[in-house]
Structures are given as C-alpha cells and as structure tokens.
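Let chain A serve as the given structure and place chain B on it in line with the hints.
If you're matching them up, the sequences are chains A and B in order. Residues in the first sequence are numbered from 1 upward in steps of one, following the numbering used here. Residues in the second sequence are numbered from 1 upward in steps of one, following the numbering used here.
Hints were generated in silico from the structure; no laboratory data involved. Do not rely on the hints blindly, as some may be mistaken.
A pair holds if it fits inside one copy or across any two, identical chains being indistinguishable in the list.
Unchecked claim - Cross-link-like lysine to aspartate or glutamate pairs, in silico, EDC-like; alpha carbons within 20 Å at most: (1) 56 / 113; (2) 94 / 79; (3) 119 / 41; (4) 97 / 160; (5) 48 / 79; (6) 85 / 113; (7) 155 / 95; (8) 119 / 79; (9) 181 / 35; (10) 165 / 147; (11) 116 / 147; (12) 119 / 35; (13) 47 / 79; (14) 48 / 113; (15) 85 / 35; (16) 116 / 41; (17) 170 / 184; (18) 47 / 113; (19) 85 / 150; (20) 165 / 144; (21) 165 / 35; (22) 99 / 113; (23) 53 / 69.
For reference, the chains in residue letters:
Number of protein chains: 2
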Amino acid sequence: MNYPNGIKKDIKTSSFISHKNRGMSLEADLNISNEYYRSIDKAYIYKKPTPIKVTKVDYPSRDKATIKEAFYTIPSTTDYNGIYKGKYIDFEAKETKSKTSFSLNNIHAHQIEHLKNIKRHGGIAFLIVRFTTLNQTYLLLIDDLLEFIDQKTRKSIPLDYFVNKAYLIKDSYEPRVDYLKTIDSLIGGI
Amino acid sequence: MNYPNGIKKDIKTSSFISHKNRGMSLEADLNISNEYYRSIDKAYIYKKPTPIKVTKVDYPSRDKATIKEAFYTIPSTTDYNGIYKGKYIDFEAKETKSKTSFSLNNIHAHQIEHLKNIKRHGGIAFLIVRFTTLNQTYLLLIDDLLEFIDQKTRKSIPLDYFVNKAYLIKDSYEPRVDYLKTIDSLIGGI
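Okay, chain A solo, but in the shape it has when bound:
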C-alpha cells in the first residue's frame, strides 16, 4: 500500500467554500440532495459534523455556552454515512480544481482504511470526486480506489482512471447530485 501520510486538511477551502458559494460546492449540493432523499423517504444519509476540539467555554447562563477557543481536528472517519434500501452507505466527497488528476493527498490514509472496513463488512463504500473546472462528478467505489493504490505508484489518480473505472453522476435538478441512481445501477453487483 502506498498511502499518503501526514495530510493536513485545508480548513479554509473545506469549511468556507460551502458557505460563500452555497448551492455551488459539492458539499452544498450533497447536503441538498440528501435532504431531498429524506424528504421523499428514500434514504437517510447525513453529513457528519466537522470535528472540533473545544478548549475554552464561557457560561454566561445555564443554557448558554459560548465557545471561546477551539480547533479543527482530523476526522476519524468519512464525512457522509447513512442507510439506503437497508444497506449501510459510507463515503467521502472531495473537489479538485485540476483538469487532469485527483491527488490522493486529499484523502487521509485512515479514511481509505475506514472505507475498506465498511466494504468488507457489507456496506457500500465510495468516494464522490468533483472536477470543478470540468464540472464532472464521479462516484469511485472503494475497490477501484484500492486497485489504483495497489497497482500504481502515482500519488494522484488521472482523470482517465475516473472515466474508465468510476461512474459519472449526471447533474440533475432534484436531487442535484443523484448518486443513489448510480448506486441503484450497481446494487447486486456490489
């Protein structure tokens, strides 16, 4: 295995793009899509809260707590999980501005390990990767990610690999990122 180590999360990108460009980032699109899935009782998939280590809290009154100092910490798992058709669903979602490849530095080694564990225990585990400049969003199953990592020494997955191995998620109006349609086409075969 050729996992990337000591990856630092770019806090600026991940926590702020979604607020400034609400409805445009992959995270915002996925949140709206998951909300839509829940509203039609199709699936219950949520984004986990961002892990934060709180170091100072003020209590002006019993029910009001203001955090005065805290730090972002590295997530132990992936960002999204939930249930669909009785199956446990687990994935990480990432954007890249590159037109040619997706750097494995975007994914923590323990997140890949986590997705592997989920798959082995009967869940459906994958990445959703958006090439923002190309406006293409792909669903890459964990097995295909592992195949790349096992066979290649490159630290980034070329777009070609996504074109050949991953599943293009077509833009739609509602939900914006209909990744469960892709899962539907795969279920049984997974």
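Chain B alone, transformed into the frame defined by chain A:
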C-alpha cells in the same frame, strides 16, 4: 404521538462529565467499547462529532486555524452509528441519575423520528439508557420506545418499563458495554 418539544441540551452535563470522569461515563464506556469492537474487526461504530456552529476564526497561518467564537447546536440525528454484520446500526445514549424513571425530555423529538426512519429502512435503531445511581444500563429498541410513547401520556419512562421491555446490558471488562451481544441475541427477531 406525545413528543417532547423544544428540548434544550444541558451542555455542561453532556460535554464535561465525559472528560472529567473518563472511563466512568456512559459516553466514555461506549467509546472504549466501540474502539474495542473495531480493534477485533467486529463492528465499525463511531460517535459523531458534537455539532458546533463556528462564527469567528483566526488564521495566523495557512495551516493553523483557531476558532475564536462558536456555539453548540442541536444535533440533527443521533450520536452513534455504524455497521455490524452488514446491518446499519443507529442509537442514542443517555444517562440519568434518577432511580425510578427516564425523562423523555432527554431525547429530542427529531431523534426519535430519525430512529423510526432508520428502523423502517432496515436498520437497527435503539436507545442505550444508563441509570447511573443504580448502575444499570439498558438497550431499548425503537419499537418499544414508540409503544410507550403511543400508549402512555407520561413524559418519563418508569424503570419498570425498562425492566420488562428493554435488555439489561451486563457490565463486562472488555468491552465495557457489550451492547452488540444484546444485538446478537435479537438479530433475526428484529
């Protein structure tokens, strides 16, 4: 339905007991138990991070972000979820000091709704409730919780109801709270 509304989470209790009495609170016991389950490749169940709304951040340098103001927010779902034997597992864990009953005010209405949805979609959904003074920890399936809510007008579940309907989780050394043993005895019947 007789759901409690407008519940306020007691931040002091929930976020600090677990740190001060590490290894003694239900949360700490569950975290250690889940870690143990992962270490023997039995199940992948995690506590979700506490949801926090960040309102002010300082960036002294690119990789260092210090949160200067933030607030605890109400969680949209339950605290724990994951996968066991291919099944989606979802639960909320609560402690009470009462010797006689568990107040439904401890659970948000939308958390009960969430557990109901999970059950309907094929997951295993429950509460783990610890009566700290009695040192008794129970696993109450969502259906039995709903039965109580549907039939009774009381805002708290008497200990008797747990004794009759829930499953006592016996203390053990490793894992401390072996709730999957209880799930094992139920799987198939759920």
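Of the numbered hints stated earlier in the document, which are not met by this structure? Hints 1, 19, 21, 22 contradicted; others consistent.
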